[in-house]
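Protein chains in written order, with our numbering: chain H, 1 to 273; chain C, 1 to 273; chain L, 1 to 273; chain Z, 1 to 273.
Some hints here could point you the wrong way.
Copies of one chain are not kept apart here, so a pair can be met inside one copy or by any two copies together.
Distance condition first, Cα-Cα at most 20 Å in a straight line; then the derived SDA-like pairs of lysine to any residue [to be verified]:
| hint | residue 1 | residue 2 |
| --- | --- | --- |
| 1 | Lys260 | Asp41 |
| 2 | Lys260 | Gln134 |
| 3 | Lys260 | Glu270 |
| 4 | Lys260 | Ala13 |
| 5 | Lys253 | Gly162 |
| 6 | Lys260 | Asp239 |
| 7 | Lys136 | His57 |
Worth flagging that the hints you see were computed from the coordinates, not collected in a lab.
This is what each chain is made of:
Number of protein chains: 4
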Amino acid sequence: MERLHLVSRESRARDTIVQVGDVKIGGGHKVYIAGPCSVEDAEQIGEIAQAIKDSTHILRGGAFKPRTSPYSFQGLGQEGLCLLREAGRLAGLPVVTEVMSEAEVEGVADSVDMLQIGARNMQNYALLRKVGAQKKPVLLKRGVAATIEELLLSAEYILAEGNTQVVLCERGIRTFSHTYTRNTLDISAVPILKQITHLPVIVDPSHSSGDWNLIEPLSKAALAAGADGLMIEVHNRPDQALSDGPQSLKPEKYRALVKKLNRLVCLLEEENR
Amino acid sequence: MERLHLVSRESRARDTIVQVGDVKIGGGHKVYIAGPCSVEDAEQIGEIAQAIKDSTHILRGGAFKPRTSPYSFQGLGQEGLCLLREAGRLAGLPVVTEVMSEAEVEGVADSVDMLQIGARNMQNYALLRKVGAQKKPVLLKRGVAATIEELLLSAEYILAEGNTQVVLCERGIRTFSHTYTRNTLDISAVPILKQITHLPVIVDPSHSSGDWNLIEPLSKAALAAGADGLMIEVHNRPDQALSDGPQSLKPEKYRALVKKLNRLVCLLEEENR
Amino acid sequence: MERLHLVSRESRARDTIVQVGDVKIGGGHKVYIAGPCSVEDAEQIGEIAQAIKDSTHILRGGAFKPRTSPYSFQGLGQEGLCLLREAGRLAGLPVVTEVMSEAEVEGVADSVDMLQIGARNMQNYALLRKVGAQKKPVLLKRGVAATIEELLLSAEYILAEGNTQVVLCERGIRTFSHTYTRNTLDISAVPILKQITHLPVIVDPSHSSGDWNLIEPLSKAALAAGADGLMIEVHNRPDQALSDGPQSLKPEKYRALVKKLNRLVCLLEEENR
Amino acid sequence: MERLHLVSRESRARDTIVQVGDVKIGGGHKVYIAGPCSVEDAEQIGEIAQAIKDSTHILRGGAFKPRTSPYSFQGLGQEGLCLLREAGRLAGLPVVTEVMSEAEVEGVADSVDMLQIGARNMQNYALLRKVGAQKKPVLLKRGVAATIEELLLSAEYILAEGNTQVVLCERGIRTFSHTYTRNTLDISAVPILKQITHLPVIVDPSHSSGDWNLIEPLSKAALAAGADGLMIEVHNRPDQALSDGPQSLKPEKYRALVKKLNRLVCLLEEENR
Chain H
1 MERLHLVSRE
11 SRARDTIVQV
21 GDVKIGGGHK
31 VYIAGPCSVE
41 DAEQIGEIAQ
51 AIKDSTHILR
61 GGAFKPRTSP
71 YSFQGLGQEG
81 LCLLREAGRL
91 AGLPVVTEVM
101 SEAEVEGVAD
111 SVDMLQIGAR
121 NMQNYALLRK
131 VGAQKKPVLL
141 KRGVAATIEE
151 LLLSAEYILA
161 EGNTQVVLCE
171 RGIRTFSHTY
181 TRNTLDISAV
191 PILKQITHLP
201 VIVDPSHSSG
211 DWNLIEPLSK
221 AALAAGADGL
231 MIEVHNRPDQ
241 ALSDGPQSLK
251 PEKYRALVKK
261 LNRLVCLLEE
271 ENR
Chain C
1 MERLHLVSRE
11 SRARDTIVQV
21 GDVKIGGGHK
31 VYIAGPCSVE
41 DAEQIGEIAQ
51 AIKDSTHILR
61 GGAFKPRTSP
71 YSFQGLGQEG
81 LCLLREAGRL
91 AGLPVVTEVM
101 SEAEVEGVAD
111 SVDMLQIGAR
121 NMQNYALLRK
131 VGAQKKPVLL
141 KRGVAATIEE
151 LLLSAEYILA
161 EGNTQVVLCE
171 RGIRTFSHTY
181 TRNTLDISAV
191 PILKQITHLP
201 VIVDPSHSSG
211 DWNLIEPLSK
221 AALAAGADGL
231 MIEVHNRPDQ
241 ALSDGPQSLK
251 PEKYRALVKK
261 LNRLVCLLEE
271 ENR
Chain L
1 MERLHLVSRE
11 SRARDTIVQV
21 GDVKIGGGHK
31 VYIAGPCSVE
41 DAEQIGEIAQ
51 AIKDSTHILR
61 GGAFKPRTSP
71 YSFQGLGQEG
81 LCLLREAGRL
91 AGLPVVTEVM
101 SEAEVEGVAD
111 SVDMLQIGAR
121 NMQNYALLRK
131 VGAQKKPVLL
141 KRGVAATIEE
151 LLLSAEYILA
161 EGNTQVVLCE
171 RGIRTFSHTY
181 TRNTLDISAV
191 PILKQITHLP
201 VIVDPSHSSG
211 DWNLIEPLSK
221 AALAAGADGL
231 MIEVHNRPDQ
241 ALSDGPQSLK
251 PEKYRALVKK
261 LNRLVCLLEE
271 ENR
Chain Z
1 MERLHLVSRE
11 SRARDTIVQV
21 GDVKIGGGHK
31 VYIAGPCSVE
41 DAEQIGEIAQ
51 AIKDSTHILR
61 GGAFKPRTSP
71 YSFQGLGQEG
81 LCLLREAGRL
91 AGLPVVTEVM
101 SEAEVEGVAD
111 SVDMLQIGAR
121 NMQNYALLRK
131 VGAQKKPVLL
141 KRGVAATIEE
151 LLLSAEYILA
161 EGNTQVVLCE
171 RGIRTFSHTY
181 TRNTLDISAV
191 PILKQITHLP
201 VIVDPSHSSG
211 DWNLIEPLSK
221 AALAAGADGL
231 MIEVHNRPDQ
241 ALSDGPQSLK
251 PEKYRALVKK
261 LNRLVCLLEE
271 ENR
């Protein structure tokens with residue numbers, strides 16, 4: 001493990017606190033990132049942002065969507081970026097979106113507060129280097145077949161370029177078990193990562209499970225295991241969503257969930273004092 | 001899924017409460033099962049039982065040990081059973097142990113309060129039928145490559161023989177991820193199983209992780225995800241244990257953990273009211 | 001790997017030749033084992049045996065069937081054994097069948113020429129010990145999540161009881177890939193096993209793939225990779241089979257396949273001279 | 001599966017023949033692609049090219065290397081491209097190399113005869129689109145956790161941009177089995193892909209196994225299963241290689257292997273007539 005220099009607690013014992021706008025992540029600061037899978041139109045993203053703003057720290061929404069098929073909805077692109085930023089501005093929330101192409105990194109970095117690297121691009125080293133050269137914080141998702149060490153080494157690529165503002169995200173791995181969930185949430189990765197690295201670690205229960213019914217128990221489990229936050233897909237009309245409808249919570253369910261999660265966080269924090 | 005008759009909530013909506021001695025499992029009753037991987041001698045099992053009795057509902061200890069190699073320690077057998085029973089009696093705890101052979105089922109059932117079917121034997125149908133014909137409750141562990149449906153159908157074998165007192169146990173699955181953990185705890189299995197079946201569902205964080213450092217976060221995650229209890233390996237001298245030392249907690253650490261877990265359970269219960 | 005004593009080439013460099021009736025397996029002797037998944041009635045097993053006898057060394061057929069659900073067809077039991085033996089006798093073929101229960105080992109051993117341990121029971125150590133104490137050769141199938149070392153150690157259990165007549169069988173492992181095949185044939189296991197152990201190694205392309213369309217390419221691949229033989233499911237009326245119909249070859253297709261395989265074996269043998 | 005338009009045999013029943021320089025791949029034309037993992041210097045790549053030219057159709061060599069750690073050798077870059085091209089020119093072989101970055105696609109396409117997309121970038125859609133817009137044939141490697149459908153849909157991205165010259169490459173998937181091999185060669189993928197798509201399918205036994213000892217049996221298995229060719233790592237001094245030494249064949253062993261493989265191909269072709 002000597003190859004883990006910058007991301008390791010041996011190089012920095014104290015938790016890194018990543019700052020996104022006014023929001024702090026890590027070092028005891030828990031974060032809720034929420035929003036739709038894809039930005040679909042001004043009304044959709046605006047309505048969702050308003051509905052969840054009091055329970056959310058960062059607004060998410062995809063403008064450039066990595067899709068398995070070239071014939072699936074690919075996102076609104078540049079227009080989606082503008083709609084996301086405007087919705088965030090009106091709701092008073094910083095925004096995060098995925099960037100998929102080296103050529104788009106700078107443009108996206110200018111428009112949003114945090115850059116997301118998706119699971120499929122976790123080992124796209126040209127892209128990692130490019131976001132490492134930006135001044136914006138990065139949300140790095142674990143690939144579906146990436147080991148913990150590979151995730152950390154991908155983060156190392158970003159830090160090695162000078163960008164230390166990286167948040168890691170466990171979002172489920174690919175296993176033989178696929179009947180009831182899209183992926184298998186590797187809950188053990190949370191405490192293991194927290195032991196090895198000073199970077200914040202959050203969990204995405206939506207992609208892990210692919211089923212909105214499982215968001216509540218998995219969110220609680222993630223926080224109980226020590227995660228620094230959650231990224232949850234919320235949609236105002238899940239049945240009409242252009243992508244990931246079945247795993248999206250409605251805003252009112254999301255708000256009720258956050259209330260419960262806050263009480264859990266409270267108890268867990270008391271214990272650590 | 002029509003093949004799931006007896007174990008399904010469609011056949012019985014209400015939670016089954018499994019009774020082991022005076023201990024209830026399921027239907028809101030949380031259970032802590034603890035003890036060493038193997039019963040090694042009278043002093044060891046007795047000392048552990050006394051040290052954990054106030055934080056434990058059921059004492060575990062292996063007398064017949066399924067070992068990958070025929071040359072590894074295979075357990076004390078019949079003698080181990082007696083030592084376990086006596087340690088449980090003195091500590092006022094019912095006891096559970098694994099049974100590996102059809103020929104031994106009746107003898108073991110006479111000696112202990114609960115029969116465990118290990119992960120390797122989850123699809124040993126002759127053994128399942130045999131424990132199904134006993135009057136003792138059964139702890140059925142999920143195989144390392146078993147789907148959720150396969151686990152439920154193995155339980156169905158037991159219920160079909162007339163024994164409805166079955167507790168399911170998630171103990172980690174085998175995935176590509178193996179550097180930091182022995183297995184991958186499939187935390188999502190807990191809420192999924194609870195939705196499908198009326199049988200109690202517990203989690204074994206010790207075998208899931210293979211690392212005592214991970215027992216606390218995984219135990220909390222399991223309860224937060226809705227598990228009806230935990231099975232945790234405890235040893236008075238982990239460094240001298242004949243099996244599974246690295247994943248065993250010392251009694252004092254275990255007791256401190258249970259205190260924290262009790263507060264968590266308390267909070268989670270409040271919410272469900 | 002020091003735990004591998006008896007099965008290792010370090011303890012015996014030369015290939016073990018397993019003898020089943022007059023049939024030799026290993027040490028250059030290739031074997032074709034074929035027949036239906038389950039023995040269904042006298043006519044079915046008799047018709048299949050006659051149809052394949054000239055292209056087959058050993059007749060297979062299940063009498064005791066390990067089924068995921070207790071409500072699936074469980075095999076004809078003792079009656080199936082008799083039908084299989086009689087069909088083998090009339091066709092002049094030795095027979096192999098699976099044994100699932102310790103209690104049945106001796107009875108089955110009296111009726112057939114070779115005992116099969118199925119994938120689900122690969123780590124049923126009580127059963128392994130029991131077949132190890134018989135005088136009949138054993139066909140040991142790899143568990144769907146068993147490592148190569150675990151397979152070898154399960155064979156070690158049998159050899160340690162005094163029975164050295166063991167054939168190993170690769171039959172597919174459980175991976176994330178499940179859309180087009182039931183399991184993933186681990187073809188690399190063949191040359192790896194052949195390097196480590198002196199025991200014969202065969203491949204079951206039927207269970208690996210679950211699709212009769214794949215039997216030919218996988219059978220060729222197995223022999224090309226160095227397998228000592230194949231176990232192939234053949235049924236006279238696949239669409240009416242009580243189990244595993246979709247992966248069963250019709251007798252005429254099987255005979256045509258064996259002709260092609262014989263030419264391949266011939267070429268491969270020439271090269272090794 | 002309706003999403004598979006251009007790559008499917010439903011859109012084109014006959015095998016696509018991909019042409020790389022004068023070399024044809026597919027439609028009965030078998031191809032051997034060989035060379036070192038990385039181009040290290042002029043002497044190394046030149047010596048290897050000369051040593052294998054009579055047994056090889058296309059020379060491979062990495063100039064831009066995707067490495068898990070940012071601190072590992074990253075390839076010679078542009079200089080490596082020139083050395084590879086020159087070595088190919090002198091040996092009379094077309095050359096293939098991996099391209100990792102959108103920004104480098106055009107430059108690399110100008111220098112080599114075939115572009116490789118590595119396993120880590122199989123779902124880097126920006127890169128797929130970019131190579132789809134070039135006039136050079138593409139070698140697309142399967143990701144370690146990619147399903148067969150995902151591989152085909154990634155190829156669809158390339159074809160949808162107008163480039164129909166795509167060769168698919170199975171190179172091993174990530175499973176629980178990792179002790180003896182780096183990955184698990186999914187041999188069944190070969191006949192399955194050949195059934196679904198008209199594109200050529202080759203196998204990389206070097207990355208599948210990570211062990212030069214396994215190259216011969218896996219190469220034979222791949223051809224026996226119907227592969228249109230092989231990609232094999234060859235190094236003149238494996239013990240001094242800057243990357244992938246343990247899985248590289250020496251040139252003389254490679255040449256001897258190709259002789260054997262040619263005889264096997266010959267026999268397999270006869271059968272299909």
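Evaluation of the provided hints:
Taking the closest pair of Cα atoms, lysine 260 and aspartate 41 never come within 20 Å of each other, the shortest separation being 31 Å inside a single copy and 46 Å across copies. Taking the closest pair of Cα atoms, lysine 260 and glutamine 134 never come within 20 Å of each other, the shortest separation being 36 Å inside a single copy and 42 Å across copies. Taking identical chains as interchangeable, the C-alpha atoms of lysine 260 and glutamate 270 lie at most 20 Å apart whether they share a chain (16 Å) or sit on different chains (11 Å). Proximity of lysine 260 to alanine 13 under the C-alpha cut-off of 20 Å is found in neither arrangement, the shortest distances being 31 Å within a copy and 26 Å between copies.
Taking the shortest Cα distances, lysine 253 and glycine 162 never come within 20 Å of each other, neither inside one copy (40 Å) nor across copies (41 Å). When the C-alpha separation of lysine 260 and aspartate 239 is checked against a cutoff of 20 Å, the pair qualifies neither within a copy, at 25 Å, nor between copies, at 40 Å. Taking the shortest Cα distances, lysine 136 and histidine 57 sit within 20 Å of each other inside one copy (17 Å), while across copies they are farther apart (47 Å).
Hints 1, 2, 4, 5, 6 from the earlier list are contradicted by this structure; the remaining hints agree with it.
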